[in-house]
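K.L.:
Each chain, written out:
2 protein chains.
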Amino acid sequence: MGRKSASEIDENQEPMSEKAEQILKGAMQEFLAHGYAATSMDRVAAAAGVSKATVYSHFQDKEGLFTALVARMAQQKFSVIYAPTLLEGDPVTVLRRMATVAMSRVCCDPEQHAFVRLVMGEADRFPQLAQIFVQYVTKPGVDFLSHYFTDHPELNIPDPEATARIVIGAIVHFAQVQEMLHGAEIMPMESDRIIDALMHLVMRERVIS
Amino acid sequence: MGRKSASEIDENQEPMSEKAEQILKGAMQEFLAHGYAATSMDRVAAAAGVSKATVYSHFQDKEGLFTALVARMAQQKFSVIYAPTLLEGDPVTVLRRMATVAMSRVCCDPEQHAFVRLVMGEADRFPQLAQIFVQYVTKPGVDFLSHYFTDHPELNIPDPEATARIVIGAIVHFAQVQEMLHGAEIMPMESDRIIDALMHLVMRERVIS
DNA sequence: TATAAACTAAACTGTATAGTTCAGTTTTCC
DNA sequence: GGAAAACTGAACTATACAGTTTAGTTTATA
Numbered sequence: 001m002g003r004k005s006a007s008e009i010d011e012n013q014e015p016m017s018e019k020a021e022q023i024l025k026g027a028m029q030e031f032l033a034h035g036y037a038a039t040s041m042d043r044v045a046a047a048a049g050v051s052k053a054t055v056y057s058h059f060q061d062k063e064g065l066f067t068a069l070v071a072r073m074a075q076q077k078f079s080v081i082y083a084p085t086l087l088e089g090d091p092v093t094v095l096r097r098m099a100t101v102a103m104s105r106v107c108c109d110p111e112q113h114a115f116v117r118l119v120m121g122e123a124d125r126f127p128q129l130a131q132i133f134v135q136y137v138t139k140p141g142v143d144f145l146s147h148y149f150t151d152h153p154e155l156n157i158p159d160p161e162a163t164a165r166i167v168i169g170a171i172v173h174f175a176q177v178q179e180m181l182h183g184a185e186i187m188p189m190e191s192d193r194i195i196d197a198l199m200h201l202v203m204r205e206r207v208i209s
Numbered sequence: 001m002g003r004k005s006a007s008e009i010d011e012n013q014e015p016m017s018e019k020a021e022q023i024l025k026g027a028m029q030e031f032l033a034h035g036y037a038a039t040s041m042d043r044v045a046a047a048a049g050v051s052k053a054t055v056y057s058h059f060q061d062k063e064g065l066f067t068a069l070v071a072r073m074a075q076q077k078f079s080v081i082y083a084p085t086l087l088e089g090d091p092v093t094v095l096r097r098m099a100t101v102a103m104s105r106v107c108c109d110p111e112q113h114a115f116v117r118l119v120m121g122e123a124d125r126f127p128q129l130a131q132i133f134v135q136y137v138t139k140p141g142v143d144f145l146s147h148y149f150t151d152h153p154e155l156n157i158p159d160p161e162a163t164a165r166i167v168i169g170a171i172v173h174f175a176q177v178q179e180m181l182h183g184a185e186i187m188p189m190e191s192d193r194i195i196d197a198l199m200h201l202v203m204r205e206r207v208i209s
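Going line by line, the protein sequences match chains A and B. Every letter in the first sequence is one number past the one before it in this note's numbering, and letter 188, counting from 1, is 188. Every letter in the second sequence is one number past the one before it in this note's numbering, and letter 191, counting from 1, is 191.
Hints listed in this document are in silico derivations from the structure and should not be mistaken for laboratory results. From the three backbone atoms N, C-alpha and C, an ideal C-beta is built for every residue, glycine too. It is possible that part of the hints are untrue.
[Stated by the list, open to error] What follows is a list of derived Cβ distance ranges for each label pair:
| no. | chain 1 | residue 1 | chain 2 | residue 2 | range |
| --- | --- | --- | --- | --- | --- |
| 1 | A | M16 | B | L86 | 47 to 57 Å |
| 2 | A | M16 | B | R97 | 46 to 56 Å |
| 3 | A | Q128 | B | P110 | 16 to 26 Å |
| 4 | B | P158 | A | D42 | 51 to 61 Å |
| 5 | A | A33 | B | R97 | 35 to 45 Å |
| 6 | A | D90 | B | I81 | 38 to 48 Å |
| 7 | A | A83 | B | E63 | 40 to 50 Å |
| 8 | A | A33 | B | S40 | 18 to 28 Å |
Use the sequences and the hints to build the structure in full.
P.N.:
Given below as structure tokens:
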């Protein structure tokens, strides 16, 4: 039952036993709802429909379970998947489609909000988990958009990577303020206005071929 | 000793007794370092150099202390202060200066990182605190930049508020990824590149007067 | 100086927690 | 069928916590 020491994180994708999956599912429910410190192992076991001894036979301790869970979620559940069809069409269409898809994913999924909150809130106590989040969630998104900019010089973007970060940062921050921080009531705005303004900024100096 | 019920938040700025200030200082240290759930009232009292009974004579309970603390910090310590001199000069200079100041404030202050982590991490358990954060930290920044855009039509920005959110979101998200999520090692980038790319996007279609 | 208010230290209550142990049950697999 | 492994439920240890109480001390004030 290859366990890991508390401080190292399993980045492999060893197939897991059914019980281990069950436990992770219960752990996800509890940790996402209550955060790390306020989640008890008894509640995790109950949520997983499993005895507490079984939890401790699959995971070294609370920290080990938490790190296994978050690393796994970052790699599986929240890693960005890009459909090839996303790239079909002219840049104006494609960029707007990408922005719209990203915005809806990042705005409309409460589980994603809870996950981001969890990772951000624990980023100082679990810096490795924060880095895994960056590696598997943030970086692929930036790289993807950055490559698209690079592959389309007619967009006339001098620094594709920085520009990719700006576009993604604007979308993510909008979702954070509106949804995660409940800012929608205080400073309401349609997400389309962000997308329109982004398109205006990025597209207006392109070279018409 | 006008206390508040646990669920309502004091948005007034009643002058506080010296002991209450002491307690808030200790509470800030502990809550910023360990988060809400993992902070104990004994440690808060010890950090404040005060007996636990005194803590409970000034604040109703842990939740009341926490909400008083976070609301206060959002209004005092992390509300954005704008110097009038920030606005002197032509738009190219002013915008770059504003971006640079914002970036340094948001990137280089570990206490600000801890505060944002705390508010984000507890935003579901304390939605009113998240809204106070938006009201006193996010909104003033967006409004300020938005007004600057509106006051300078030569910049040719069709949607000032959305554009202000994009600029601020890009800067804040950059700081979040690089510093708060420890992404600097995984996807390093100089903050100047973000600022340059932002300037390029915002300024390139301005009307030269 | 007298009096009230604020404060302290410490003990105390009741509950919750991480992690372990163990006797007994179920599952797996040869 | 039978042995080994996995699992269960429940009790158990030791610790920590929120919040209260008490008895005594300091501080301000009039």
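K.L.:
Does each hint hold? Answer for all of them.
P.N.:
Quick rundown of the hints versus the structure:
With their beta carbons about 54 Å apart, M16(A) and L86(B) fall inside the hinted range of 47 to 57 Å. A beta carbon spacing of about 53 Å between M16(A) and R97(B) agrees with the range 46 to 56 Å that was offered as a hint. A hinted range of 16 to 26 Å for the beta carbons of Q128(A) and P110(B) is consistent with their spacing of about 19 Å. Separated by about 56 Å at the C-beta atoms, P158(B) and D42(A) satisfy the suggested range of 51 to 61 Å.
With their beta carbons about 43 Å apart, A33(A) and R97(B) fall inside the hinted range of 35 to 45 Å. Roughly 45 Å separates the CB atoms of D90(A) and I81(B), a value that falls within the hinted 38 to 48 Å. Distance hint check: the CB atoms of A83(A) and E63(B) are about 45 Å apart, consistent with the given range 40 to 50 Å. Under the hint 18 to 28 Å, the C-beta atoms of A33(A) and S40(B), about 22 Å apart, fit the expected range.
Violated hints for the displayed structure: none, as all numbered hints are satisfied.
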